[in-house]
Amino acid sequence: MVTDFVSEQGFRTAVFNMGLVGLMGMVYIMIVQGDFNGPTLGGIFTIVGFGSFGKHPRNCWPLMAGVFIGSLISVYSASAPGPLLAALFGTTLAPIAGAFGPLFGIAAGVVHLAVVMHVGIFHAGLNLYNNGFAGGLVGTLFIALIRWFNLKKIRD
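At position 40 of the sequence shown the residue is numbered 40 (the working numbering), and the sequence of numbers has no breaks.
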């Protein structure tokens, strides 16, 4: 299902939402005391761009919170470049939080951080590609598991 905020809610509402999710990304960087640099600004611009096409604060915050929690329970600092980019580009998994709730979103954020930090070898550590690849893996895994558990519940 496509969620086009411009056609559904109008241009003004879509632009307002784009600003909200952009501010949310900036506030996250400030909270974890990360650096504003090219890659992080690219992450913010990506969130802003997709703020008119399905991302909104309610389905993005669980993923960012999950990445932050993942950094607390691992050896990675939330302000390091890898986890910071994982929090921003990890919002690619926003449909999981939107469709299945914030707990699945938080869990997806934790798993996304773990995958991002371990699959960089496949593409020479380029974290911009790394996040897309990791998001695809985590999204596939989560959707498959969620659907499997829902089918199992129906049969039992």
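Take the hints with a grain of salt, since some may be wrong.
Stated by the list, open to error - Derived Cβ-Cβ restraints for the label pairs, each shown as a range: (1) A144 <-> G54: 15 to 23 angstroms; (2) S79 <-> F11: 18 to 26 angstroms; (3) F133 <-> A99: 15 to 23 angstroms; (4) G136 <-> S77: 33 to 41 angstroms; (5) R147 <-> P102: 15 to 23 angstroms.
The set of hints was computed from the structure by calculation and includes no laboratory data.
Glycine included, C-beta positions come from ideal geometry on N, C-alpha and C.
Discussion item. Holds or violated: the 33 to 41 angstroms window for the beta-carbon distance between G136 and S77?
Written reply: 25 angstroms, violated
Worksheet item: Using the C-beta atoms of S79 and F11, is the stated range 18 to 26 angstroms upheld?
Response: Since the Cβ atoms of S79 and F11 sit about 36 angstroms apart, the hinted range of 18 to 26 angstroms is violated.
Fill in: Assessment of proposed distance window 15 to 23 angstroms (beta carbons of F133, A99)
22 angstroms, holds
Practice prompt. Mind checking the hinted window 15 to 23 angstroms against the Cβ distance between R147 and P102?
Written response: 19 angstroms, holds
Discussion item. Taking 15 to 23 angstroms as the stated bounds, is the beta-carbon spacing between A144 and G54 within them?
Written reply: Hint holds: Cβ distance 21 angstroms, inside 15 to 23 angstroms.
In this structure, the hints that do not hold are numbers 2, 4, in rising order.
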